[in-house]
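Chemist: Residues per chain, in single letters:
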Amino acid sequence: MVDKVDNPPAKRIKREEYRRNVQAQQEAPEGSVIKMPQKKFFRQRAHANPFSDHKLNYPISPAHMDWSSHFPAFVDPDESKKNLSGGRKLTKEVEVVDIGCGFGGLMVGLAPLLPDTLMVGMEIRISVLEYLSSRIHALRNQQQRLKSKSTNTPTDSTEPIATPVQSTDPSSPTNDDEIGTDKIFPGNFENITAIRSNTMKFLPNFFAHHQLSKIFICFPDPHFKARKHKARIVSETLNSEYAYVLRPGGLLYTITDVEEYHHWVLRHFLHGELEDGSTPPGSSKDLFERVSEEEVDADPCVRVMKYETEESKKVTRNKGNKYVAVFRRKADPEWPV
Amino acid sequence: MAGLQHPFHCLRYVNRQSTGQSDVVIATAGRNLYSYNASNGQRLDVWPQVDASAEDKTADAAPASESESQGPPEKRRKLSSHEDQKDGEKEPKSKDSGKKEASNSWTNIPLLTIAQGKYVIIMTSEDKCVRVMNLDNDGKLKQLSARTMPKKLSALTLTPDEKNILCCDKFGDVYTFPVIPSGEYVKPQPKAKPYEPAATNLTVHTKRNLESLEQQMRQAALSKTNQEERVVLNFEHQLIIGHVSLLTDVISVARPADSTVGQRTYILTADRDEHIRVSRGLPQAHVIEQFCFGHSSFVSKLCIPSWDPTVLISGGGDNYLLVWNWLENQILQKVELPGSQGETTVSGIWDVSLGPTADSAEATNTIFVAREGSSQLLCYTVANDNTISQQDTLQLSGNVIDLTGIDSKGSILVSVDTLRESESTSAWRSSSGTLLETFRFTSGKWTPVEDSMVLKINSEGTESLPASLEEKQKKELNETIYSLGNLRKRGDGDE
Numbered sequence: 001m002v003d004k005v006d007n008p009p010a011k012r013i014k015r016e017e018y019r020r021n022v023q024a025q026q027e028a029p030e031g032s033v034i035k036m037p038q039k040k041f042f043r044q045r046a047h048a049n050p051f052s053d054h055k056l057n058y059p060i061s062p063a064h065m066d067w068s069s070h071f072p073a074f075v076d077p078d079e080s081k082k083n084l085s086g087g088r089k090l091t092k093e094v095e096v097v098d099i100g101c102g103f104g105g106l107m108v109g110l111a112p113l114l115p116d117t118l119m120v121g122m123e124i125r126i127s128v129l130e131y132l133s134s135r136i137h138a139l140r141n142q143q144q145r146l147k148s149k150s151t152n153t154p155t156d157s158t159e160p161i162a163t164p165v166q167s168t169d170p171s172s173p174t175n176d177d178e179i180g181t182d183k184i185f186p187g188n189f190e191n192i193t194a195i196r197s198n199t200m201k202f203l204p205n206f207f208a209h210h211q212l213s214k215i216f217i218c219f220p221d222p223h224f225k226a227r228k229h230k231a232r233i234v235s236e237t238l239n240s241e242y243a244y245v246l247r248p249g250g251l252l253y254t255i256t257d258v259e260e261y262h263h264w265v266l267r268h269f270l271h272g273e274l275e276d277g278s279t280p281p282g283s284s285k286d287l288f289e290r291v292s293e294e295e296v297d298a299d300p301c302v303r304v305m306k307y308e309t310e311e312s313k314k315v316t317r318n319k320g321n322k323y324v325a326v327f328r329r330k331a332d333p334e335w336p337v
Numbered sequence: 001m002a003g004l005q006h007p008f009h010c011l012r013y014v015n016r017q018s019t020g021q022s023d024v025v026i027a028t029a030g031r032n033l034y035s036y037n038a039s040n041g042q043r044l045d046v047w048p049q050v051d052a053s054a055e056d057k058t059a060d061a062a063p064a065s066e067s068e069s070q071g072p073p074e075k076r077r078k079l080s081s082h083e084d085q086k087d088g089e090k091e092p093k094s095k096d097s098g099k100k101e102a103s104n105s106w107t108n109i110p111l112l113t114i115a116q117g118k119y120v121i122i123m124t125s126e127d128k129c130v131r132v133m134n135l136d137n138d139g140k141l142k143q144l145s146a147r148t149m150p151k152k153l154s155a156l157t158l159t160p161d162e163k164n165i166l167c168c169d170k171f172g173d174v175y176t177f178p179v180i181p182s183g184e185y186v187k188p189q190p191k192a193k194p195y196e197p198a199a200t201n202l203t204v205h206t207k208r209n210l211e212s213l214e215q216q217m218r219q220a221a222l223s224k225t226n227q228e229e230r231v232v233l234n235f236e237h238q239l240i241i242g243h244v245s246l247l248t249d250v251i252s253v254a255r256p257a258d259s260t261v262g263q264r265t266y267i268l269t270a271d272r273d274e275h276i277r278v279s280r281g282l283p284q285a286h287v288i289e290q291f292c293f294g295h296s297s298f299v300s301k302l303c304i305p306s307w308d309p310t311v312l313i314s315g316g317g318d319n320y321l322l323v324w325n326w327l328e329n330q331i332l333q334k335v336e337l338p339g340s341q342g343e344t345t346v347s348g349i350w351d352v353s354l355g356p357t358a359d360s361a362e363a364t365n366t367i368f369v370a371r372e373g374s375s376q377l378l379c380y381t382v383a384n385d386n387t388i389s390q391q392d393t394l395q396l397s398g399n400v401i402d403l404t405g406i407d408s409k410g411s412i413l414v415s416v417d418t419l420r421e422s423e424s425t426s427a428w429r430s431s432s433g434t435l436l437e438t439f440r441f442t443s444g445k446w447t448p449v450e451d452s453m454v455l456k457i458n459s460e461g462t463e464s465l466p467a468s469l470e471e472k473q474k475k476e477l478n479e480t481i482y483s484l485g486n487l488r489k490r491g492d493g494d495e
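These protein sequence lines map, in sequence, to chains A and B. If you count by full-length UniProt numbering, then the first sequence holds residues 1 to 337, one letter each, in order. If you count by full-length UniProt numbering, then the second sequence holds residues 1 to 495, one letter each, in order.
Just so you know, not all the hints are guaranteed correct.
Stated by the list, open to error - A few chain B residues that face chain A, going by a derived Cβ cut-off under 7 Å, partial list only:
#1 V179
#2 A198
#3 L202
#4 T203
#5 Q238
#6 G242
#7 F291
To be verified - Result set (EDC-like, lysine to aspartate or glutamate): computed pairs, CA atoms no more than 20 Å apart in a straight line:
#8 K151/B with E476/B
#9 K228/A with D173/B
#10 K170/B with E236/A
#11 K330/A with E289/B
#12 K170/B with E476/B
Since the hints were made in silico from the structure, they are not lab data. Backbone N, C-alpha and C fix where the C-beta goes; we use that ideal spot for every residue, glycine too.
This is chain A alone, in the form it adopts within the complex (with noise of 0.2 Å):
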């Protein structure tokens, strides 16, 4: 009787062989081939507390952050030119952050639209991270496959490599995530990477000062309850970070399905209209402009946040509503005199 009180349950058993093995895959050795992870053994509960320690890591500073590992495609070939921690430098910096990647839908949607820019999905869930880590490499993994055979002999088509199973929208990079794809993309998803983190403390610790071009926060845990709206990744007082680390210029996308949390975010980036007419008092919605209806249309990034991530789907399925905001960082204000 006792076994079996320690004994985990089957469920588990399963999950971690299953995690062992595509651990194991990462690490075979060039040209073999690599499975798409399945997202059911990766499934984590949707929240975590942003005010908790974890067990992080997390650069000194934005100079001490290597990004080798993460892009090796975009290493800098001179050897000398190391970092603060002695890691290789890159050849361009990272430019896009996705906060709260979850299960990298938009990342890999973003991928081969913006081919020669780094771009970095975060998210706490260590899960989450461990299967869009896999699903990147098995990504890169495919393309590389494909490539060869390309350039190869095209007639000699026995290795088993990833068939699709139906017809795909020429729009769309992927198909069924699960089996990945039989197109090249540009980029060969070799842009974009995913790293655990805690971006409400700590993405000044990997992006400098106006560094980033574009920040996306989707579908954000929305903490209904209004004891837990500090927990929410859109404040004002937050929002002078995403200010900090984004480029006079840069754009902050939002989409969410809570209609409130919509309200919330516009409340929070834009200043509401004053009844006696009098200037609001300084703060960081000074920092940040609404993009106009039209250009956030035509914007292709736009179409990935609303169809490609997982989140958006599954609010296509449930027939849900899906609120879109951008806002423009402006310039910092004159110093007062």
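Start from chain A and add chain B according to the hints.
Modeler: Relative to the frame of chain A, chain B by itself:
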């Protein structure tokens, strides 16, 4: 032998020569605030006055009860369970905000600052209340205002013009409000729209979530208030900076104009997650200019020396101090702390600048550093190029708590822990130790001296503790003075 006495938790020397008044020393001990004549040590006033407690009642009761009824539920839970264990009388504090509230709502005063040489600003601990006192010619203290904060503050300072209070709390927020409120405060009235749950059946789908949504809908029908729009603070204030971390210190500084830019003010904040943030001063505190990266443990103290506003000295849970060109995130010097086996926590960094004296033609700039639960006061001199070098360590008779410079006498006044043994944050003495010690800079070094003012203050003592205390009460008292060590991360976060 007299019973054990509260040590001075905060200590400030107030130089009032410019206004033609005599200097005073302001100190807090236990639940009291004291003022002393700085030349002879005569006690001028104690606040709150025991017999005048009736006066305080009206001033205190209103804001305090406000906070009790509007505080977040977690806090209330904690308070009541804590009270439960103590004894049966848990009700008076939270429910009945009458007499008891006014006289018993705090046990210590951990923060103290002086504005314009005439206002004493303190935070009383348990009621999270910022109180501004008027300090008159005779050193008498009179409360002018009492403003209750949403969370307990960790630091209290002033803007460079000394007209506004800056304070930071353990929830990561920095607030500002005028030392003297500008007028009648009209509380913005939240629009009385009925409460509606933020979730809808479009956004929640699981059975359990749908059930709780239904419950919320029922609740909404009953309650009329919109929780989210609730304004907690009932006085003129501004939330200017927020970290998602526990804030430990806030300072503000004005950089004088140079050839390229005019005078600029900045606010620096330090948190438990190793950050030092540099924001612009008011009214642009929402613009972050820089982060100073270099600490690998929490930061607990920031000090910008009065003689050079471009330099910052910071300390925390590391075994070193960092000297910064803070505007450029540039570490000028890393100063290892001596005897740093085990965990060191910097509990105080003070800059003391003495003008030229008969002894030395040049001004003397000294940085003093205290570590939590240590009776040694580390002493550093600062050269013209801002390199700091260690001098002989000063040995006190007990743990160093606070320090203030007395420039007119060329000396420093150090408050010493009377209750705990040297080098311990928990082992209690059998009889009270010395309250204050003083050192003077003579022939190139700081040496202990006797000062009639100090002798007088020490002989008069502070408030005595009850004859017998339970271990739990002792532990609570220890934590009021030695709480920084708890900021250390123990790596037990969830996954």
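Chemist: Hint by hint, work out which the structure violates, then give me just those numbers in ascending order.
Modeler: 1
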